[in-house]
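Peer 1: Protein chains in written order, with UniProt numbering: chain A, 1 to 318; chain B, 1 to 263; chain C, 1 to 295.
Source of the hints: derived by calculation from the structure; they are not laboratory data. Source: prediction; values computed, not measured. Certain hints may be false.
What the hints assert, rightly or not - From the structure, some residues in chain A lie toward chain B, with a derived Cβ separation under 7 Å:
no., residue
1, Leu-21
2, Val-153
3, Ser-157
4, Val-177
5, Ser-199
6, Gly-201
7, Ile-202
8, Arg-308
9, Ala-311
What the hints assert, rightly or not - With a cut-off of at most 25 Å between alpha-carbon atoms, the simulated DMTMM-like pairs for lysine to aspartate or glutamate come out as follows:
no., chain 1, residue 1, chain 2, residue 2
10, B, Lys-78, B, Glu-190
11, B, Lys-170, B, Glu-247
12, C, Lys-94, A, Glu-306
13, A, Lys-315, B, Glu-26
14, B, Lys-78, A, Asp-194
15, C, Lys-94, B, Asp-92
16, B, Lys-170, B, Glu-233
17, B, Lys-78, B, Glu-26
18, C, Lys-94, A, Asp-194
19, A, Lys-315, B, Asp-138
To be verified - Covered stretches of chain A (in silico footprint by chain C; criterion: 3 or more residues with CB under 8 Å from a CB of chain C, positions within the stretch not fixed):
no., stretch
20, 37-49
21, 72-78
22, 103-113
23, 191-197
24, 216-225
25, 293-299
For every residue, glycine included, the Cβ atom is placed at its ideal position computed from N, Cα and C.
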Amino acid sequence: MTEPRWTPYAVLVAIALLAALPSMTSSNYVVGIAISGLIFLAAAASLNLVYGYAGQLSFAQLGFWGVGGYCAAIAVVDLGQSFWFGIAFAGVVNLLLSAVIGIVITRTTRHAFVVVTLTFALLAGLIARDWVGVTRGPLGIPGLPPPSLMGFVFDTSARFYYIALAFSLIALAFLYVLKTSRIGLILKAVKQNDPLVESQGIAPGPYKLAAFVIASVITGMAGGIYAFNLKVIDPSFLDFYYMQTFLIIVIIGGAGSFWAVVLAGAAMVVLPEALRFSNELRMVIYGVVLVAVMMFMPRGVSGWLEDRRIAALRKALR
Amino acid sequence: MTAILSVADVSKAFSGVHAVQGTSFEVEAGSITGLIGPNGSGKSTTIDCISGFQTLDAGRVLLGERDITGQRPAEIAKAGMIRTFQNVRVYDSYSLLDNLLVAGEAFRDLNWFDALARTPRYRRVRDAAEDRARGLIDLVGLTRLSDAPATVLSYGQKKLLAFAAAMMAKPRLIVLDEPVAGVNPTRVNEVADILRKANATGISFLIVEHNVEFINSLCHKVIVLEQGRKLTEGTPAQIRNDPRVLEAYLGIARPAAAEAEAS
Amino acid sequence: MEVSATYLLQLFMNGLMLGLIYALIAVGLALIFGVLEVINFAHGELLMLGGYAMALTLPLVGLSYWPSLLVAVIATSLVGVVLYEGFLRHIGQKEFERSILTTLGISMILLYGMQYLFTATPMMVDTAYGFDGVEIGSIRITLTRLIAGALSVAAFTGLYCLLKFTQFGRAMRAIAQNREAALMVGIKPRHVARNAVALAAALCGLAGAALVPIQLLHPAMGQAMIFKAFALVVIGGLGNMTGAIVVAIALGMIESWIGGFFSIVWQEGAIFVIMIVAVLLRPDGLFKRGSMRVG
């Protein structure tokens, strides 16, 4: 789908508003939600790369999220490194891990892909709980210090917010460039028609692998930042709840559609908070929305809109 | 004349059933060669085998001088042989232009850095590819729809798009699997003209098709398959007058068939 | 540590019991995959619903075991019918991801909905049998455990006969093997699939209800077991029920024995590693259609 011509202006306005948000409110609660929203959005957008673009339903993102969180925490607390090193460390570990996993599983069937990625995510949760020597088991690693940069300490929500904002914008910008490049074009071609891609001289393997790895690195770094937002990491960081949240954002927006997923991310984080639902009720609503979308518009809002557009076009052509 | 494609003793069986057994033939460089045969004679399997979508049980396939036996489809396509599919395949949600861009070889072979950083080289290659794509869309007569998603096309139009995509990769040989099945009969001659024009630029064709008129008007040579074996080959006129071909198509039981084939 | 024969026997019986419960869940998953080619993410929640149905019915019938069990089984099988008619029926065979996301959504609704209604706090549930038990030789087994085990064995026997000897069972196997051919001989896939899902749900409800007097009841109990059940079904061969049962009982044994001697650390992890290896070693074999076997 082509973007409306005003898209760049809308993006600039959105960025300006986001940058001004901490000065517009004194509520730590609002800023806190915005931090979560920005980080979740980056993770969801990278899931969109794997599922929406490459067509692989990966539950492994939850595992990479957790690995990233733990790597960052351990780098700071146990290795005495800075927050920035920790985030980079999270990215590098996820790069290696996802490359190893990806080389093996991008060759399997889609059934096997789902099962193996799901298992990896659960395994990561078990390791967080059981490998007490490294992860400190169920107690987790509390007291993660606030990041600092050249003497400036990001010790309030409003300050930490800018780390989340910067990360999210960089990640989304990168994914946008990827999406609109030849690579994005070919990735979505792979999803639509794998044999045709091969018949045109493009081996799909490297593209699927690249999508998987890039998504894992971004998700891992997002996890690292989120852990420092929470100031503690324990096995609940690998709760299936996070995976469900990322999935919901991608599914509602419409897998494979960049802006729709960004908008859906904003909506799904802000709306339930604005309506002050309890956590359980929010997840029930997520579930209802997920089922409803799957039943009535399986390609999400953007897919539904596109179908309307194509139907209109067909009519016009007749 | 040199051969652009040489198929030698190719065999393929599916759980004991021989779909192709010991078929050999050549496609001469610069020619349009037809591959015909009754349903189940192994045409599709033959194409799958030479394009790498099926692994061979035995035999060799040469593209020009290069041995492509057992290579992956993508490697074979890069080596210069592009195939289309019987059940037409296009990227449904992409515009016709994007359909062709994906297929373009210059675009395909751009490195990742250029693609991500949008270097001048990238833009140059992309613009050139776009020009070429628009030219091909004109050639197959779909100009009006070039920015519409491919899903709105009719079956026949999709066949034309698939052909344009095959051209986009600048191949030496195009293997077309039923290019006019489902195409509006009034447009079959147009398709034949387009193929002739492409052929005049030096591209060789191997065409599987049931439309006998189409094959006769277009092909320099026709190969007839029956039950996974080559029955005969010759000019369209020779094939037309060969009683064995008629019998193969009409399926008349003929005890001597085995001997005739063996000879 | 002095290990007595009694202790070993106790471990064996516990393991067997646990394995049978796992098998009830896994068999249902295998059944649904075989007929519908759907991995049912809401399967664990069916177990949980069976548990809650049992727990809620017990006080109404004066804590008597059997009526409550019956109610739980019927209730969950009805949920299964709704699950099929309302959702799974509308999902095409090639829409594997869609089926996963739909059942995932249903599982979220059920899990968090129950958490909202009943809180996440675990409940102890008592039956008329209380802690009555029987002495077998030197070991003592509570009656509720014994019944749970016996019920599982009875359920498997019933299922085996159903699949092997009845028209419905044959139809189910026919669909699992070759959908097109089954359609041609006049099998109605919708009826068969609905019955298969209802049957799988009933088995799950049975497992949940039988578990309630044995262990704590809480909304996430299904989620804890379902992921293990996925592993079981995959290791045993998706759609292969005998495989699922064998692996499930083996898992119950392993858990019980390891738990009896070592800390449980790594034991669950090992299961998932085995699962990954199993999938990677034979991805096609595991996921091929027509692999539904009953023995």
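Peer 1: Hint numbers the structure violates, sorted upward?
Peer 2: 1, 2, 3, 8, 9, 10, 11, 13, 16, 20, 21, 23 and 24
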